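2 protein chains.
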Amino acid sequence: MTDAVRARRPGGRTARVRSDVLAAVEAELAEHGYDGLTIDAVAARSGVHRTTLYRRWKTVAGLLVDLLAAGADDSWEPADTGSLEGDLIAVNREVHAALTARPSITQAVIAASFRTTEAAEALTRFWEDRYARTALVVERAVARGEIPAGVDAHQLLLTATAPLYHQLVLLRKPMSRSEADHHARVAAASVR
Amino acid sequence: MTDAVRARRPGGRTARVRSDVLAAVEAELAEHGYDGLTIDAVAARSGVHRTTLYRRWKTVAGLLVDLLAAGADDSWEPADTGSLEGDLIAVNREVHAALTARPSITQAVIAASFRTTEAAEALTRFWEDRYARTALVVERAVARGEIPAGVDAHQLLLTATAPLYHQLVLLRKPMSRSEADHHARVAAASVR
Numbered sequence: 001m002t003d004a005v006r007a008r009r010p011g012g013r014t015a016r017v018r019s020d021v022l023a024a025v026e027a028e029l030a031e032h033g034y035d036g037l038t039i040d041a042v043a044a045r046s047g048v049h050r051t052t053l054y055r056r057w058k059t060v061a062g063l064l065v066d067l068l069a070a071g072a073d074d075s076w077e078p079a080d081t082g083s084l085e086g087d088l089i090a091v092n093r094e095v096h097a098a099l100t101a102r103p104s105i106t107q108a109v110i111a112a113s114f115r116t117t118e119a120a121e122a123l124t125r126f127w128e129d130r131y132a133r134t135a136l137v138v139e140r141a142v143a144r145g146e147i148p149a150g151v152d153a154h155q156l157l158l159t160a161t162a163p164l165y166h167q168l169v170l171l172r173k174p175m176s177r178s179e180a181d182h183h184a185r186v187a188a189a190s191v192r
Numbered sequence: 001m002t003d004a005v006r007a008r009r010p011g012g013r014t015a016r017v018r019s020d021v022l023a024a025v026e027a028e029l030a031e032h033g034y035d036g037l038t039i040d041a042v043a044a045r046s047g048v049h050r051t052t053l054y055r056r057w058k059t060v061a062g063l064l065v066d067l068l069a070a071g072a073d074d075s076w077e078p079a080d081t082g083s084l085e086g087d088l089i090a091v092n093r094e095v096h097a098a099l100t101a102r103p104s105i106t107q108a109v110i111a112a113s114f115r116t117t118e119a120a121e122a123l124t125r126f127w128e129d130r131y132a133r134t135a136l137v138v139e140r141a142v143a144r145g146e147i148p149a150g151v152d153a154h155q156l157l158l159t160a161t162a163p164l165y166h167q168l169v170l171l172r173k174p175m176s177r178s179e180a181d182h183h184a185r186v187a188a189a190s191v192r
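From first to last, the protein sequence lines are chains A and B. Just so we're aligned, residue 1 is where the first sequence starts under the numbering used here, counting upward by one. Just so we're aligned, residue 1 is where the second sequence starts under the numbering used here, counting upward by one.
If you are wondering where the hints come from, they were derived from the structure by calculation, not from laboratory data. Be a bit skeptical, because a hint or two may be false.
Identical copies go unnamed one by one, so any copy, or any two together, can satisfy a pair.
Pairs of lysine to aspartate or glutamate residues, derived as DMTMM-like cross-links and limited to a Cα-Cα distance of at most 20 Å, are as follows [what the hints assert, rightly or not]:
#1 K173 with D129
#2 K173 with D40
#3 K173 with E139
#4 K173 with E121
#5 K58 with E128
#6 K173 with E146
These numbers come from a predicted model, not from an experiment.
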């Protein structure tokens, strides 16, 4: 997210301050988790004065909400591999990489969502946006005549991606990339 | 879980104290969540003296760990409906009921697992036990000749159940019982 946040807002001091602050939030969150995230640490890492942070973001939760908002308005879209199965495998590999990164921002944000309502709401909005964009893989498959129109894109994406979240976040067990691929294949086969 | 805990340990004062305390933990957790769970409230509700609670369970996390341990050693096993699809639908309806109960003990325990390592470890053990028992639906299907031997039971159960956890716990969106049934059907079809 960091590079995307930086690249997207080339101009303006306000935009630069935001991108520096959010990059610092991301780094602190990854290193120390939500419990270790403090306004002072973000100030020290970003070089932005703490009074600016308090004025603009108010709380640690406010910083996290803005980090997720910045992620949602980036230009991400799912890879176009030419087949539904290939597209779903690519999606699952991205989810797998995000959840198994050490440290994982995604895991830290999920944990934070169980601490504050604001973080939970921001994460819900972020995922709604991501799942809506990912529905493009279904639209492309319908346009190619690969699957019938009327397939429920959200249900299909749940079949593909939910096993990764359940295993790696809630069950707290490892999952290999080939197992992640398997769940993408099961999803693709379910609508053929 | 409460009734099972009670029924299983008919004799002994120590066993009775434990079942009264765990019933109180469950009720407090459901009403107030992990943040609202206190030794004093459990003492008041169970009628067991707080010094006993501190001596035997030490902390609120200790109480939660014991609640999950009690759930794991009960006699639960998956319903036998005569078909893999029927069995998976029955499993998904149980998961759906547990996650959509108001209040939901399961949702409260999952939230607690992001607060303390002890709760996370206890929940991991509880689920390992439950998924291992649920593998019986796959063994029965193989024995009936409905599916080939060698099907990965855990992957199959992830395909069935993970969408419910992802949608209802992490995405924090509703899911109907018929959608839960759909994911059981997708899982059953994936191994035929």
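Any of the earlier hints contradicted here, and which numbers? Numbers 2, 3, 5 and 6 - these are the hints that the structure violates, sorted from lowest upward.
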